[in-house]
Amino acid sequence: LIAWLSLLVAFSKSLFSSRCRALRLEEKACRQPGSSLGIIWINDDNDNGDVTKPDYSTGVVNGQNDLKDFFPLALMINSLVSALPPGQYSYVLKQADGALNFTYSTLTANSAYGYLTSQTSTGYGAGLSQPAASATVTQITAAGVTLDSAFLKQIQGQGGVILVEGRTPSVQPLVLSVEQNGVEVAELSLPLSLSARILLLLHGMNSDTSTWDTFVNSAFSGSSTVVFQGNTQVPNALPPAISSTGVRCYRLQFGAYDDDSSARTGLEGWTVNSTDPVSPIRQVPCGDYEDFGHLGQEIDDAISFLLTNPQFKNAQIVLLGHSRGGIAARSFLQGSSANKSNVIGLLTTGSPQEGSPLGTIYQWLTANPRHVFDSNGNELTVPVIVPGSDVPVTEPVNWQDWSVVDWLRSADAVLGTFGSKPPLDVRRPVIGELANSSTDISGLNATSVVSNLPINSITYGEIVYDEVPLGILQLQGPGILAGVTDPQYSVFEGILSPLIVSPLTDPARTFILGTNASGTANTVTTWRGDGLVPASYQLFTTLPGFSGTRVNPLANVGGIVVHTDEPKQTTDLLTQLKKVVPTWLP
Amino acid sequence: MKKKSILIIGFALVSLAAGTILFVDRKSPQTSELSVGVQEQRPAVVSSPAQSQTVAAPLQPTIAAEVSTGIQRRFEGMSVQERNQIVDEIAKQGPIAIFQAWIKAGRVDREPMKQRSIGFALSGTLREQSTNAAIFPELQKFITDSSNSFNERGDLLHVLGEAKTKESLDLLIQAATTLPEKGLKMTAAREINSAGDLWGDGTFHEELSPALERVWRESEEPYLLNSAAVAIAKVGAPSGIQLLLSSALTGGLQADVRQKAAQRALQDVLNPDAVPVLTELLVNNAPTSMPGKLASSILAGMSAPSAAHSLISWLQTADASAASLVGNYVVQTHSPAMLRAFQSALDPSMRFSSEENREAIRAGLAQYNADRKFGK
Chain A
1 LIAWLSLLVA FSKSLFSSRC RALRLEEKAC RQPGSSLGII WINDDNDNGD
51 VTKPDYSTGV VNGQNDLKDF FPLALMINSL VSALPPGQYS YVLKQADGAL
101 NFTYSTLTAN SAYGYLTSQT STGYGAGLSQ PAASATVTQI TAAGVTLDSA
151 FLKQIQGQGG VILVEGRTPS VQPLVLSVEQ NGVEVAELSL PLSLSARILL
201 LLHGMNSDTS TWDTFVNSAF SGSSTVVFQG NTQVPNALPP AISSTGVRCY
251 RLQFGAYDDD SSARTGLEGW TVNSTDPVSP IRQVPCGDYE DFGHLGQEID
301 DAISFLLTNP QFKNAQIVLL GHSRGGIAAR SFLQGSSANK SNVIGLLTTG
351 SPQEGSPLGT IYQWLTANPR HVFDSNGNEL TVPVIVPGSD VPVTEPVNWQ
401 DWSVVDWLRS ADAVLGTFGS KPPLDVRRPV IGELANSSTD ISGLNATSVV
451 SNLPINSITY GEIVYDEVPL GILQLQGPGI LAGVTDPQYS VFEGILSPLI
501 VSPLTDPART FILGTNASGT ANTVTTWRGD GLVPASYQLF TTLPGFSGTR
551 VNPLANVGGI VVHTDEPKQT TDLLTQLKKV VPTWLP
Chain B
587 MKKKSILIIG FALVSLAAGT ILFVDRKSPQ TSELSVGVQE QRPAVVSSPA
637 QSQTVAAPLQ PTIAAEVSTG IQRRFEGMSV QERNQIVDEI AKQGPIAIFQ
687 AWIKAGRVDR EPMKQRSIGF ALSGTLREQS TNAAIFPELQ KFITDSSNSF
737 NERGDLLHVL GEAKTKESLD LLIQAATTLP EKGLKMTAAR EINSAGDLWG
787 DGTFHEELSP ALERVWRESE EPYLLNSAAV AIAKVGAPSG IQLLLSSALT
837 GGLQADVRQK AAQRALQDVL NPDAVPVLTE LLVNNAPTSM PGKLASSILA
887 GMSAPSAAHS LISWLQTADA SAASLVGNYV VQTHSPAMLR AFQSALDPSM
937 RFSSEENREA IRAGLAQYNA DRKFGK
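Protein chains in written order, with my numbering: chain A, 1 to 586; chain B, 587 to 962.
Derived from the structure by calculation, the hints contain no laboratory data. Idealized CB from N, CA, C, for every residue including glycine. Treat the hints with care, since some could be wrong.
Said to hold, decoys possible - Sample of chain A residues facing chain B (criterion: CB under 7 angstroms; computed from the structure):
| no. | residue |
| --- | --- |
| 1 | Asn231 |
| 2 | Ala241 |
| 3 | Val284 |
| 4 | Asp291 |
| 5 | Gly293 |
| 6 | Gly558 |
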């Protein structure tokens, strides 16, 4: 479990009121120079190789790798030791929750990190005679642990260093009590706040947790646990590994409420349990049939679950949402759940915060269904000329727009153009919800609702992708060998080669692109963004009612990233995450 | 207008000639209402002998306790803690009992949310107890029994896909290659595709590669080839990468589907174990040759520091023709390790056989930085 320790040093007794000394102690205990906070996480991973015993429970340092989970705490108490000699006074470390272990070292404040580089040398643990990598550790209990007098004599005049590791979450201080005959004569108190750091990744529509694979592999060495319906795949599974800055990564799989009584029905009566010959694959729930409220509920469920782990008590959580995942996050944070208090950051990337004009295709298709009949019950049709034949074939009047719908959701789209990406079924209700003109979006963005976002406790950030015209779902690529380059695909342009795919009709295009305030028709470049969401619609901190703490949005204006590729952009994600939560990243 | 006419005509031609599925819904409205958006009808009672046997089996204590209370609250109305209490109790039992509970949740309780939750736990148990052989014949029997509904069988394929073990993969491959129903075959293929997704345990599961490679060698089905290619690439075992590279570099009409599938899939490689294979291909071919371009582009898209090191080392010794490629690689970089490697190449102490390669990196980095702006 990851946790951090705030080492704000307060000397409670006047004898030791030197602020300078206190700050110096804080600095030496902190792994991040320049930061006012030291970081100590709970060392419950398994460097010992035994998954049944978290490292903090073994009573020893579990090898060289485990040393990375220890932190030096400089005890600059040389003056104190001189004034109150160890032979006559006892120095007792106490922590009310027993949240820390420690081991002795011969390090000094100036060489506090020596245990990370000279791991084989002795000078640690009991008798200061053990190698760092296998030194014995002792729990700092509520009753207290009396520091070894030999250690105290050694640090006389120069101060000393103990290595500490976290055991459990706690907000109780670390106390150094100086006692004589069981009576306290002085006390140093270090306020602590040990809590887990959790990054929760939220995928977008028509997607799943694998969309984060590149990011998780790069930023978390591939360690990230999936949460679905407020649970993990294996009950009581060990948490994912901690990063170098004490962060654990979880991925939420949406879809818990896709076929419950609240689920929405899409065009042509489409539900998550529907199948048809065009797309015969059994659907997997991913939240596309839920309203925004239930998407937010899924985040609440996930956080409720995470907080049931005693090690995650008081956990700090950052939400990172791609596309609709960012909408879900906002829905959660604009609600009334008590779990909001655990969230300290929200970063969205490519999120349709103000919806997307492309979503209005849902309205267009609603008004222009696959089959239209006259008052006599006869289907309206149009003649279509087939090359090589002078005889036109008869097609339903709206055949062209619906052929785009069918192609997007067909396996041909996957095999012919989109590689491994899942087919996109625009009949799903999520498409209509994410239209810029939808009541779902206007409800989410109402000033009185936006103003529910926590103001001071959360830092907000956005990543915006720009310069790709609206409608482009795939850019040309990968372009390695002649003849096998994937074509660019836009719903407004179709594909000429190698697979001939029809575009949407002109009336559909006009409807979707709309007109500007002066009545002029918009174009695909009016709505430049990531192909799916216009750039300006990817922001939420500009909405009326927002008054929270925000960092400047990062805009990638290269025009080479389309919507579905955004979760892979690890450098962009980490750059902006570091602004949202500076101490969470190296 | 001319372009649109061509598109419409071309579209119709392809649709007719290929017997494409694009126009399946051109029947009478009555027919189409039946064929599109059909709701899954779960059987109210168990009809097949296999199912009878399953439900007739003694209910596990937890399930029995639920039933005995008489009034069952809906799963979706429970708190997370309440739901998890039920599912975690079920998950403590063996995989066969969990499977029984999964069936019951759908057929008796009629609680899709509960069934999915149990299915998720079943995946975890299959992963944890992958050597528990007794469960797999049961799962196979259920999947092949056509009297079970399409959606139930599809959902069970998803359970197997989420497990991502050798045993579950074998079942999926069997389903994808032998089931008579196209929809289920394609569902199984999709789940094979996801076999390469990260487990989240920090390792790449190369033990899956041999089975996937067999599919790649033996199958002729485009959808299965595509799925296998993606999974092989994401698993990233050297043998699998070698196989895909070979297909990606084999031209000709016959190889077209494989070639495309392999090339697309190779863009998904993340496993550092693939780096030596790619490096070997890279250093033994000219930068702008097909093998050279393929290998360098794959390495450039990886996140692993070893991939970055390999690419930069190659650029140091490559001739100036590599400069035509590298600028694009830099601009498209999404990995911190790769970005750092490119930045380090600007250090004058790093020697390049061709300074043009360094200058291409410099130009690429300038573009990379120009592409990123911080707004107000």
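The hints, checked one at a time:
1. At a threshold of 7 angstroms, the smallest CB-CB gap from Asn231(A) to chain B is about 5 angstroms, leaving the interface hint in force.
2. Interface restraint check for Ala241(A): the shortest CB-CB distance to chain B comes to about 6 angstroms, inside 7 angstroms, so the restraint holds.
3. The restraint placing Val284(A) at the interface with chain B holds, with a minimum CB-CB distance near 6 angstroms, inside the 7 angstroms limit.
4. With its C-beta approaching chain B no nearer than about 14 angstroms, Asp291(A) sits outside the 7 angstroms limit, and its interface hint is violated.
5. Violation of the interface hint for Gly293(A) is found here, the shortest Cβ-Cβ separation to chain B being roughly 14 angstroms, above the 7 angstroms cut-off.
6. For Gly558(A), the interface hint holds, since its Cβ comes within 7 angstroms of a Cβ in chain B; the closest pair sits about 3 angstroms apart.
Of the numbered hints listed earlier, those contradicted by the structure are 4, 5.
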